[in-house]
Amino acid sequence: MREERSDMSEDEDGGGGSAKSRGGGGAPPPFSDQVLENVLENVLQFLSSRGDRNAASLVCRSWYRAEAQTRRELFIGNCYAVSPRRATERFRRVRAVVLKGKPRFADFGLIPNNWGAHFHPWVCAMAAAYPWLEKICLKRMSVADGDLSLLAYSFPNFKELSLICCEGFSTAGLAVIAEKCRHLRVLDLIEDYLEDDEDEMSDWMSRFPETTTSLESLVFDCVGSAVNFEALEALVTRSPALRRLRVNHHVSVEQLRRLMALAPQLTHLGTGSFGSAAAAIPQGGNNVVDLVNTFAASKSLVCLSGFRDVAPQYLPAIYPVCANLTSLNFSFADISAEELNPVIRHCHNLQNFWVLDTVRDEGLQAVAATCKDLRELRVFPVDPTEDSEVSVSDVGLVAISEGCRKLRSILYFCQQMTNAAVVTMSKNCQDLVVFRLCIMGRHRPDHVTEEPMDEGFGAIVMNCKKLRRLSVSGLLTDKAFAYIGKYGKLVRTLSVAFAGNSDLALRYVLEGCTKLQKLEIRDSPFGDSALLAGLHHYYNMRFLWMSSCKLSVRGCNEVAQRLPHLVVEVIRDRDEDDDGEFVEKLYMYRSLAGPRTDAPPFVKIL
Amino acid sequence: MSTDTGKSSTESEVSGLDYEETELKLGLPGGSRIAGSEPEKKRGFAETVDLSLAGEPRSRDPGDRSTDGLVSGAGKPPAAKAQVVGWPPVRSFRKNALKSCTYVKVAVDGAPYLRKVDLEIYGGYQQLLTALEDMFSCFTVRNYPNERRLVDPVNGTEYVPTYEDKDGDWMLVGDVPWKMFVASCKRLRLMKSSEAVNLAPRTPQGSTSAR
Chain A
1 MREERSDMSE DEDGGGGSAK SRGGGGAPPP FSDQVLENVL ENVLQFLSSR GDRNAASLVC
61 RSWYRAEAQT RRELFIGNCY AVSPRRATER FRRVRAVVLK GKPRFADFGL IPNNWGAHFH
121 PWVCAMAAAY PWLEKICLKR MSVADGDLSL LAYSFPNFKE LSLICCEGFS TAGLAVIAEK
181 CRHLRVLDLI EDYLEDDEDE MSDWMSRFPE TTTSLESLVF DCVGSAVNFE ALEALVTRSP
241 ALRRLRVNHH VSVEQLRRLM ALAPQLTHLG TGSFGSAAAA IPQGGNNVVD LVNTFAASKS
301 LVCLSGFRDV APQYLPAIYP VCANLTSLNF SFADISAEEL NPVIRHCHNL QNFWVLDTVR
361 DEGLQAVAAT CKDLRELRVF PVDPTEDSEV SVSDVGLVAI SEGCRKLRSI LYFCQQMTNA
421 AVVTMSKNCQ DLVVFRLCIM GRHRPDHVTE EPMDEGFGAI VMNCKKLRRL SVSGLLTDKA
481 FAYIGKYGKL VRTLSVAFAG NSDLALRYVL EGCTKLQKLE IRDSPFGDSA LLAGLHHYYN
541 MRFLWMSSCK LSVRGCNEVA QRLPHLVVEV IRDRDEDDDG EFVEKLYMYR SLAGPRTDAP
601 PFVKIL
Chain B
1 MSTDTGKSST ESEVSGLDYE ETELKLGLPG GSRIAGSEPE KKRGFAETVD LSLAGEPRSR
61 DPGDRSTDGL VSGAGKPPAA KAQVVGWPPV RSFRKNALKS CTYVKVAVDG APYLRKVDLE
121 IYGGYQQLLT ALEDMFSCFT VRNYPNERRL VDPVNGTEYV PTYEDKDGDW MLVGDVPWKM
181 FVASCKRLRL MKSSEAVNLA PRTPQGSTSA R
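As they're listed, the protein sequences go chains A and B.
The opening residue of the first sequence carries number 1 in UniProt numbering; numbering runs sequentially from there.
The opening residue of the second sequence carries number 1 in UniProt numbering; numbering runs sequentially from there.
Please keep in mind that the hints were generated in silico from the structure rather than gathered at the bench.
Accuracy of the hints is not assured; some may be wrong.
[Unchecked claim] Under the rule of at most 25 Å between Cα atoms (straight-line distance), these lysine to aspartate or glutamate pairs were calculated in the DMTMM-like manner:
(1) B/Lys-99 to A/Asp-52
(2) B/Lys-166 to A/Glu-89
(3) B/Lys-95 to A/Asp-52
(4) B/Lys-179 to A/Asp-52
(5) A/Lys-159 to A/Glu-89
(6) B/Lys-95 to A/Glu-89
(7) A/Lys-135 to A/Asp-52
(8) B/Lys-186 to A/Asp-196
(9) B/Lys-186 to A/Glu-339
(10) A/Lys-372 to A/Asp-387
(11) B/Lys-95 to B/Asp-118
(12) B/Lys-166 to A/Asp-52
For clarity, every value in this text was computed on a predicted model and none was experimentally measured.
Just chain B, with the same shape it has in the complex (with noise of 0.2 Å):
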């Protein structure tokens, strides 16, 4: 594939003066993007987003990006762009320690192993829930109304599926969009709903803390 990039590259150079390399163009000739655009908030995404966590359609979530009133710019482009192997040139480790890594621990209240999970293989909260309750195969997932709760049927006791997010703040898991949450979601902590009444009810704006 580098074959291919190489060659249609340096041939649009000999041409000289044409800055429309079709396949591997950004945006405006000159390459200057829209320098106001602010990185998306996840607060305002909670604003506009109301959800609900059971069941959530997967298809809200492209629709979610376009609902925000940033320039598009701010995104992601939607196509998928040719990759050029190696460009720009940062080292595999810097690329792997900064990229966002939906690898999360899990850990659960009174349990002394840790497990791991790649949040990104899970289409929404029910995949993952699904997944928790597979993987620490003591709990059975309980449907509250606005809420699932994984209980220990062996002594009764309801964990609550919490998570820490990159500001260090302990939320409710399905308070926010999917994809922001894999984007933000830092760690998981199966707790038990005693002490869950510390972190603050779920609202349409989702993102309190607790302190």
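Pulled out of the complex, with its shape left as it was, chain A reads as follows (with noise of 0.2 Å):
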């Protein structure tokens, strides 16, 4: 018997899987058939691609329940696309859950605070159904400290927490999770936005169990208030098995020494400050030579981060570790081209590489004159304004494409570029499989030949034959688009801000970007009738976001009408009024669900 399809299809992401399941209920099946599926089960249990998954049960019901029992990961790629009972029903022996929320825009303030994914339905869905869950990774998602401490008292076996770009909550819930988690293995804070009252801090750093640990990983760079350090330094004393610490900028170079001296076996370093925090004068070359000893014997050194305070002098201290490091992270360190190249000449095995545009050109040439096998290269900017100087451009852009031939993923903030430049690495890095470049003042063309960016844009997906994710950005026609969606078949994920002339331009991204899963875009001039023209693909999409274009009411609703299993918000900003037939911020999403009942006043659905 053939599982019913309906008219969404699968993908990667699958939304919870596959549309109009069954939960599994229904008479037992006969008895041969259930040795079949105890036998599907053993084979199943090895698939772990949820790509593959999701085929899987789709080919018969036998194969669906098979499939069910032995998912053990499950990825939820947005929280409102099925609702908790609905997966926890159907997956009933999941160990690992990754659930992302808020779209990627809310990161930069387009989203109204209390705009939802609330973790707290999911956990408490999960508390019930899967008390044997180890790990929870979550997204953009906001998460209390009752949540954490539901999820801290519900699983006796958690083993790693992720929290990237969270917020919601503050350390009095990571008190009750280093507390009531004995078997922790991760706690990973990354990005997240802490709650906390300078008066109501929690010492969440003491509460770890006082015997050995079983920690492997401690992330809490995004960590706005200070730890108790000799309660840091006690925790990593006992636990022996500790590979990765990234501390926050509370913690100074000297403190970081001590730690480092506890914990040589680290792979991967968030070096906190790496400046001084000794109000005396720095006792200047002492301090530099015990910190090198130090570097010298963390042998197993991979990964450097943080770097946010950091003093000059006491960069020389990480030559040591430089030819083993394949991640380098400099993207809070104000450092010029001079205090970069004498780091950078040593780092022959980088692979990624994140860094402020403070090193401009002349850095970014001595990276690619070194780092041949760099994968990943992010540039940001110390001063993310629209009309700061100019420091990296498209001579830093060439730069890189002729050094690192291999560059697979690149994010570039720059004021000026060239289609030149583009053009350049689109054909030397015939690897790139994420190109992000954002030219930051609005509309801005071609710098030599005051062209729009097409061409650039255009060569990239032209040459670029393994490319899915892609940012525009700069002066761009809908010729650009229709470049995009002729040439970028394999794009899923795709940036637009301040650019096309008309409809067309979203027409042709919408017809000719069949893989396309995520597409967000603001402050451009696309109305009613290209939202339309999208219709046959909303379902095969994670989300559509559009803010600031022009949408109409009439139109959104039209879209909610024909499409009954897309959820479409409409989202005002909170001191607007009803706008009438203007919209300005459009969110609509595939879901299962229905529409959610957690909404906020300024959220409407059609």
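Bring the two chains, given one by one in their own frames, into a single complex with the hints.
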């Protein structure tokens, strides 16, 4: 018997699996079928990729059930695509959950607070359904201390917690996790926003078990408040399995040295401030020598980050580990090319490099000269405004493309760029999977020819045949989008801002990019007729975001009516009145759960 | 506000070739900046400005920036630009970590606690010191001809306000123009005068460092 199919096709992300699932209720299968299912389970347990699993679940009812019983990791790309109850009813033996909430533009303040993505209903459902849960990874979810508490009390075997770009919790929640999760191996807090009242901070570092811990990874560089350093030192001392430690900027370089001495086995280190906290005049030479020796003893280090307040005289201390580094994050280090050069010169094995544009084109040239194995580069602006000084430009981009032929992923913020440089990169770096170029001045053309940046981005989609993620910027006409639609056949994620001339641009993309999953657009002149051009595709996508475009309620309503399994949210800014016809922010996504019941007043679901 | 800028930018886009988006325009068409302009060096400023600590007039500050010979592109455009929400797309965590955070810690030699002040709310050194006086209420400010010192009336110990700048050097408060001080000050320390002799005395050039 074949499982009935809906209009929603399967893709890698599945929002919880195939559509119209039937939980596994009904009469039990006959004995021989049961045997077959047991055999099937034994086989299917080896399937790890969720794409493969989704496909297997569609073969027939028997396979559907067997797959559901053997899926250990549950990936929910959009927490509103399926209800917690439905997910936990279908997949009953899950040990690890990945859950993503808000759309990415929330990171840039485009979504008002309290929009949603609450962890609460999920943790409640999981607490009941998955007593043996070991891992939770949340991205852009709203997590309360109470949720962390429930987590800590509900899962006796809990091992790994990763919170990425989450908000709503505080050190009080961390304290409960530390205290109650006795088998904790991983506590990774990455770019979260902690609610912490200066007067009510919790000494969470002291709450870890006093016996030897199983901690392998402790990442808290985003925690704004200082931790109890003595407790941290003691924790590191009794955590022999610790391999990854990223401390926050309150940890001084002297304190760091002490931690490193206690944990020479570290592979990943976030250095905190890397500056001196001492109120006294720094002792200069002695401190650096000690630090060099400490780094020299850390023979396993492959990943360095932090450097939040880096004092340049301490930088040479990392020379001993440079040759082993595969990943270096200098993106908070305000250093010049002169300061970068002696470090990067040694980093022959570097694959991931994040840096600030303070190193300028010369710094990037130095990177290109040494880091022949570079796979990922991110260049961030020290002054993220439209009118900051030129520091990196087309020159740096070309240098990187010529030196780092294996580049797969680039994020590059700049004030000026040329088509020629982007074309050059498209030819030199054929392995590019992710190309994100942010020319910070809106509508800015090629600074030499004054032409739009159409040809550059066109070359990227044409020449980089593996491209899956693209962010465009600068002055762009509809032509750029014609290129994207024509050549961007593998593109799954597309970010557009301040670009295009007319509806045609969006049409090209919706009609051409057959693998498009995630489309986020802001401040571009696309209206209802373009929106309606994508009706054939929206069920294949995780979401569409459009803000400050030319959409009207009428157009959005039509989409909502024609596609009943799409949730169409119109989001107002808090202090705006009901705008009538004009839609300022549209967020729409396929869902098995129907309109959500937790929408705040400024969200209208059509 | 984002509504307005969104609409206006899209309207100019519809007209196609118009680069003169007036309210958002920054520099030359094509947006090219004068790449040669170097970031301000504090020593350059100190050389051009002679500062007396007491009674520093506020109106100096905008003037300071124009006395240097750099192309105006090096400084920020004086007119308030229309800010677009969320552009450029840099996460607030990163923005907050990188921006010149004007909150600095204030330490007092011998006191076990630290306080924090936001330098941006003060108009100049005078106000800052008054605030410190309020904060560490045991102090009174004593005026010397070229300096201010804070005095603990209980034991008569004198404290000199010092600060650590971005380069890690410890300087006497008051050496550089106020704005430059705000930009470069990382922490304040009220140092006992007896220890402060190690710091170089104030010179017209200002920014010598002690080692």
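Hints, one by one, checked against the model:
Under the criterion of a C-alpha separation no larger than 25 Å, the hint pairing B/Lys-99 with A/Asp-52 is inconsistent with the structure, at around 45 Å. This hinted pair does not check out: B/Lys-166 and A/Glu-89 have alpha carbons roughly 57 Å apart, beyond 25 Å. A threshold of 25 Å between alpha carbons decides the hint, and for B/Lys-95 with A/Asp-52 the separation of about 40 Å lies outside it, so the pair is violated. Of the supplied pair hints, the one linking B/Lys-179 and A/Asp-52 is violated, its CA atoms being roughly 60 Å apart against a limit of 25 Å.
A distance of roughly 23 Å separates the Cα atoms of A/Lys-159 and A/Glu-89; the hinted pair therefore holds under the 25 Å criterion. Between the alpha carbons of B/Lys-95 and A/Glu-89 the distance comes to roughly 42 Å, so the proposed pair goes past 25 Å and is violated. This hinted pair checks out: A/Lys-135 and A/Asp-52 have alpha carbons roughly 21 Å apart, not beyond 25 Å. Restraint check for B/Lys-186 and A/Asp-196: satisfied, since their Cα atoms lie roughly 23 Å apart, inside the 25 Å limit.
The hinted pair formed by B/Lys-186 and A/Glu-339 meets the criterion: a straight-line CA distance of about 20 Å does not exceed 25 Å. Restraint check for A/Lys-372 and A/Asp-387: not satisfied, since their Cα atoms lie roughly 33 Å apart, outside the 25 Å limit. Simply put, B/Lys-95 and B/Asp-118 have alpha-carbon atoms about 17 Å apart, close enough for the 25 Å limit, and the pair holds. At most 25 Å may separate the alpha-carbon atoms for a hinted pair to count; B/Lys-166 and A/Asp-52 exceed this at roughly 54 Å.
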